[in-house]
Each structure stands twice: as C-alpha cells, then as structure tokens.
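S.K.: Listed in order, the protein sequences are those of chains A and B.
In this text, residue positions in the first sequence follow my numbering: the first is 1, and each later residue adds one.
In this text, residue positions in the second sequence follow my numbering: the first is 1, and each later residue adds one.
Calculated from the structure, these hints are not laboratory results.
A couple of the hints might just be wrong.
If you only want the chain B side, here are some residues facing chain A, beta carbon under 7 Å, derived [unchecked claim]:
#1 P26
#2 I141
#3 S156
#4 L176
#5 H208
#6 G218
Okay, derived cross-link-like pairs now, DSS-like style, lysine-lysine, Cα gap no bigger than 25 Å in a straight line [to be verified]:
#7 K56/B / K204/B
#8 K171/B / K177/A
#9 K204/B / K154/A
#10 K177/B / K169/A
#11 K206/A / K171/A
#12 K206/A / K56/A
#13 K73/A / K56/A
#14 K197/B / K177/B
#15 K204/B / K169/A
#16 K197/B / K171/A
#17 K171/A / K56/B
Just a sample of chain B residues kept apart from chain A, beta carbon distances all over 12 Å, derived [what the hints assert, rightly or not]:
#18 E75
#19 L92
#20 L139
#21 G167
Even glycine gets a Cβ: it sits at the ideal position worked out from N, Cα and C.
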Amino acid sequence: MCSLEKRGNLFILTLTGQNVEHRLNPEVLSSIISALSRAKAESTRGSALVTVSHAKFFCNGFDLDWVNATGSKQEAQQRFDYSLDCLTQLVQAFISLPMPTVAAVNGHAAAAGLVIPLCHDYVVMRRDRGVLYVNDLEMGLKIPELYMAFFRAKTSGWALRDLVLRGLKIKGEELLKMGIVDAVYDGEEGVINAGMKMADDLARRKWDGEVYAEIRKGLYSEFCGMLGIASKAIGTPK
Amino acid sequence: MCSLEKRGNLFILILTGQNGEHRLNPNLFSSIISALSRAKAESTRGSALVTVSHGKFFCNGFDLDWVNAAGSDEETQQRFNLLLDYLKQLVLAFISLPMPTIAAVNGHAAAGGVVLALCHDYVLMRRYRSVLYMIDLDLGIKIPEPFMALFRAKISGSARRDLLLRGLKIKGEEALKMGLVEAVYDGEEEVTNAGIKMADDLAKRTWHGEVYAEIRKGLYSELCDILGIASIPIATPKL
C-alpha cells in the first residue's frame, strides 16, 4: 500500500496502493497515515519528506469498487463518507507534519487522489506524462465544503476556476502556469530525483519542525479552522 | 433594455441598452434579473449562457443621471441604495445560475458594468475598443463590500490593486495578463462568435446545472457568505 524509507534526513514515502491505480480505501489511507506517524515520531531538525510513486498512476481517487460492493445505496454512501473522513485525517496528518514535504508526481492524480500531492508543501511533476483531474463535476458530485476550502488555500482566481469548474485534465506545464506545481521534469527518474533533491535542499535549512508546521497551518487557515486544528502557542526559543 | 434568446442549448442575453447608453437603472436591472430567472427555469443539463452587447458600450454602470434627478439629497441616496440592492440581486442571480456563463465584452465596461462582466464564469473581450474601468475611485465613490468580495475572489495581488486602486482603463491585452479575461479578439463579430462557441463547448459537457452552480459558489465563498447564499447538500447521484 505504501512504504516508508529513511535515507539520511529524508523520509521517502512510496505509494504502491493495492492496485495499479493506487486507489484509496480506509485500509490504504490508514497505512499512509501510519507511515506519516512514524516519520513524525522519528523527525528531528532538518528532516524532510518526499512522496513518490511509480508507473502510470500517482493516485486515481477513491476505491469505488470497494464503496459499491455493498448491499444498498445507503451502505455505499456510508463507505464513501468513511473514505472521505479517512482522507481528511490524512490531509490533517500531512498539514501537521513537522517537516517540509515534497510530492514527486510521476503519473495521474484524480479526484480524491489529487488531494494527496496538493497537501504537500511543494509539488514537482512530469512534463511528459500525467494529469491532475478534478472530476467531481463530470461525476455530478458537489465538492465538499472542506475540500473547497482546501483548494482555496492552494490557488485562487481563474486558476481555481480552471481546477474545479472546467472538467479539465491538466498537464504539468499548465499546472506550472497556474501556480499549482512548482516545476516540471521529463521522465520518471527526472521527477523523482528532482523531488528528492528539493527535499534535501529544504532539509539542509535545519528548521524547527514544530515551528514549520505551525507556520504551514497558517497557509490553510480556513481549512484548519473548519477542522478545529488549533494553532499552538510556541514559546520564543532564542 | 435586454433580450433573452434561446438557440439550441444556449441562452443568449443581449444587452441592448437605451439610446446607445448601457446604464444600470431599475428597469434594466429588472429586465436582466427576469431574463436570468427565465433561463434558470428553462435550464437543462447542457445549458449555457452567453451575454453579449453591441456598439460602443458593454455596460456603463449605474445610471447616475437617474440617481441625481431625485428631489432631495435623501432621495438621491435612496435611489443609489436601490441600485446597490439591485446589483447585489444581479450578482446573486448570476452566481446561482445552474449553467456555465460567458460574457463577450464588446465595448466599454465601467464600475457596475465591470461587476456584471466579472460575475460570469468566463470573460472574453475585444483587444481594442473595449476597456474595463473601475471608475469609482475617480468619481469619489467607495466600492461596497459585496463587490469587493467578488473582486477578491476573481483576482489577487498587484492585479487586484491595479483594477481597483489605480483608476486604470484596462484594455484587452492587459486584462488578459491580469487573469481577468480568458481571451481577446479583434472585432465585434469575432468576440461575439467566440463567446457563443465557448458557451457551446461548455454546454456539450452536459454537466448537472445544480452541481455546477454549487461548485461555482465555492469559488466565491466569502461573497456567498455576505449575500447569505447557503450551500445545498447534494446527494451523490452516482458513484
């Protein structure tokens, strides 16, 4: 589902999922949350995390096969809501992680799956492959208020409109123009190496992880407000 | 005033204006709001609306002659406040419209006219012969809060400052750079046709209008709070 490797100061989170599309169900989400807990527990000054995946998909959203494999529509709705709750817990874990985070997006990320790269501080992406796709409108689904707040923290104006209201499968270069990704690279090796290097450069700054996380939460103030993640008062260290 | 035409899946709202002027007074406001109600009532999946105008002006903002023709200072203020209320209703109607909306801005837009253009999902503009001009500062009129919230949602940073605080008459190319408009065209026919084509392309996606409107409201969360538009929970129709 995922693996966490430590390489010097870097935590490398590899998304493998249970299937080719790396779809998210409570089990997969749980395993990613555990990995983040471990990274948090072992973090020191100068830690950083980079999330990678291999092959065609980064993450294609919720495991709808699992959601729909129930007796009733009501139960399917419950499974969907539960998946959404688990995703929200994952976002919280990322946003509270006491170290810089980089997502190296090698393949497609859609729907709920797109939230994962976006909850990293930095996103590097392939130029030649992979799209980000918010498909809620196509599916006839309203985007939950909490996630609209999440997207509003990441982007605004015409870029926000193009991300959520236009049914677009958006490639790296366009996402770069929209300010949603930070850089694009050719090839799987290209993007993963770039992600690692970026994480490494950030780690060298040896920032206080707790302070880093608290400042980061300020970038997501509306979202954090809705979740009730209070900002902690930090005594002046020096 | 204005007219609403149905062409296949498209609603075409034509701002015809009065005597070559396109100023927002109670009559024009009422007629646009009615037109939007009709479009909403007749909307289906795959509807879209494009607003067009002809001639020199897209919309020149409030009819200040009408406001100032009042008998007293008090009545003048009342008339102005009435127009503000109407503009709020107009913005509300556009933001709740259950279909994609495009403004094909053929001529000049000032003050309330800029608000009108920008409450569409997409704005196309003439490269020349058309400016966006927030004239409020030059006239000594404060921009009321709901419309500030609209601008804050649409545009940020130095572009927002340049639109609101600099008394600029912003031409097509500049508006494009500022992220205010989607594309610019030479000629009235080109911009109007481009608007119709874009509306058509968006209509072909056959999105659920209600879902579209709810997601759109999420782009304007602050504005929706100010206008008191609650979000409707939508049951998942298909997973």
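S.K.: Evaluate each hint against the coordinates.
M.R.: Hints and how they fare:
1. Taking 7 Å as the C-beta cut-off, the interface hint given for P26/B is violated, the closest approach to chain A being about 31 Å.
2. Checking I141/B against chain A by beta carbon gives a least distance of about 25 Å; that is not within 7 Å, so the hint is violated.
3. The interface hint given for S156/B holds, since its Cβ lies 5 Å from the closest Cβ of chain A, which is under the 7 Å cut-off.
4. Below 7 Å, beta-carbon pairs count as interface contacts, and L176/B has none with chain A, the closest being about 10 Å; its hint is therefore violated.
5. Contact between H208/B and chain A, as hinted, is supported at the beta carbon level, the nearest pair being about 5 Å apart and thus within 7 Å.
6. Interface hint status for G218/B: upheld, as the beta-carbon distance to the closest one in chain A is roughly 4 Å, under 7 Å.
7. Between the alpha carbons of K56/B and K204/B the distance comes to roughly 31 Å, so the proposed pair goes past 25 Å and is violated.
8. A hinted pair counts as satisfied when its Cα atoms are at most 25 Å apart, and K171/B with K177/A qualifies at roughly 22 Å.
9. Distance restraint check for K204/B and K154/A: the Cα-Cα separation of roughly 29 Å exceeds the 25 Å cut-off, and the hinted pair is therefore not satisfied.
10. Restraint check: the Cα-Cα separation between K177/B and K169/A comes to about 23 Å, which is no more than 25 Å; the hinted pair holds.
11. Proximity of K206/A to K171/A is assessed by CA-CA distance (about 33 Å); at most 25 Å being required, the pair is judged violated.
12. A threshold of 25 Å between alpha carbons decides the hint, and for K206/A with K56/A the separation of about 34 Å lies outside it, so the pair is violated.
13. The suggested pairing of K73/A with K56/A is violated, with an alpha-carbon distance near 31 Å, which exceeds 25 Å.
14. A threshold of 25 Å between alpha carbons decides the hint, and for K197/B with K177/B the separation of about 22 Å falls inside it, so the pair holds.
15. For the given pair, K204/B sits about 16 Å from K169/A by alpha-carbon distance, which is consistent with the 25 Å threshold.
16. For the hint linking K197/B to K171/A, the alpha-carbon distance of about 24 Å falls within 25 Å, and the restraint holds.
17. For the proposed pair K171/A and K56/B, the alpha carbon gap of about 39 Å is over 25 Å, so the pair is violated.
18. The beta carbon of E75/B is kept farther than 12 Å from every beta carbon of chain A, the shortest such distance being approximately 39 Å.
19. For L92/B, the condition that its CB be more than 12 Å from all CB atoms of chain A holds, with the nearest at approximately 18 Å.
20. For L139/B, the shortest C-beta to C-beta distance to chain A comes to about 26 Å, beyond the 12 Å cut-off, and the non-interface label holds.
21. Under the 12 Å C-beta cut-off, the non-interface status given to G167/B relative to chain A holds; the minimum distance is some 22 Å.
Of the numbered hints listed earlier, those contradicted by the structure are 1, 2, 4, 7, 9, 11, 12, 13 and 17.
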